[in-house]
Amino acid sequence: MLHLVAYLTVFIVCILGNLLLVFLIRRKPHLRTPALCFVFNLGFADLLVGIFCIPYDL
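Heads up: the sequence shown begins at 1065 in our numbering, then just goes up one per residue.
In case anyone wonders, no lab produced these hints; they're calculated from the structure. Fair warning: there could be bad hints in the mix.
[Said to hold, decoys possible] Pairwise CB distance ranges, derived in the manner of DEER restraints: (1) Val1069 x Leu1106: 22 to 30 Å; (2) Leu1084 x Tyr1120: 21 to 29 Å; (3) Thr1073 x Phe1116: 32 to 40 Å; (4) Arg1090 x Val1113: 15 to 23 Å; (5) Asp1121 x Leu1095: 29 to 37 Å; (6) Phe1102 x Ile1079: 19 to 27 Å; (7) Cys1101 x Leu1068: 31 to 39 Å; (8) Asn1105 x His1067: 17 to 25 Å; (9) Phe1102 x Leu1080: 34 to 42 Å.
The model shown is predicted, which means the values in this text are computed figures rather than measured ones. Using N, Cα and C, we set each Cβ at its ideal position, and we do this for glycine too.
Please model the entire structure based on the sequences and the hints provided.
And the structure:
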């Protein structure tokens, strides 16, 4: 049971945090710097890992 709660917590934080990051960088023009482009790509990749890998590990 503790294993499930831990994975769900990681899953929810991963999805919400990365969605917020991707949303903010896409919506705010002043955040579209070359450095934040790399941060955006990392956040998007981490979002995909959270969506496709964590549920199968449960």
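Quick rundown of the hints versus the structure:
{"no.": "1", "hint": "Val1069 x Leu1106: 22 to 30 Å", "verdict": "holds, 27 Å"}
{"no.": "2", "hint": "Leu1084 x Tyr1120: 21 to 29 Å", "verdict": "holds, 24 Å"}
{"no.": "3", "hint": "Thr1073 x Phe1116: 32 to 40 Å", "verdict": "violated, 18 Å"}
{"no.": "4", "hint": "Arg1090 x Val1113: 15 to 23 Å", "verdict": "holds, 19 Å"}
{"no.": "5", "hint": "Asp1121 x Leu1095: 29 to 37 Å", "verdict": "holds, 32 Å"}
{"no.": "6", "hint": "Phe1102 x Ile1079: 19 to 27 Å", "verdict": "holds, 21 Å"}
{"no.": "7", "hint": "Cys1101 x Leu1068: 31 to 39 Å", "verdict": "holds, 36 Å"}
{"no.": "8", "hint": "Asn1105 x His1067: 17 to 25 Å", "verdict": "violated, 31 Å"}
{"no.": "9", "hint": "Phe1102 x Leu1080: 34 to 42 Å", "verdict": "violated, 21 Å"}
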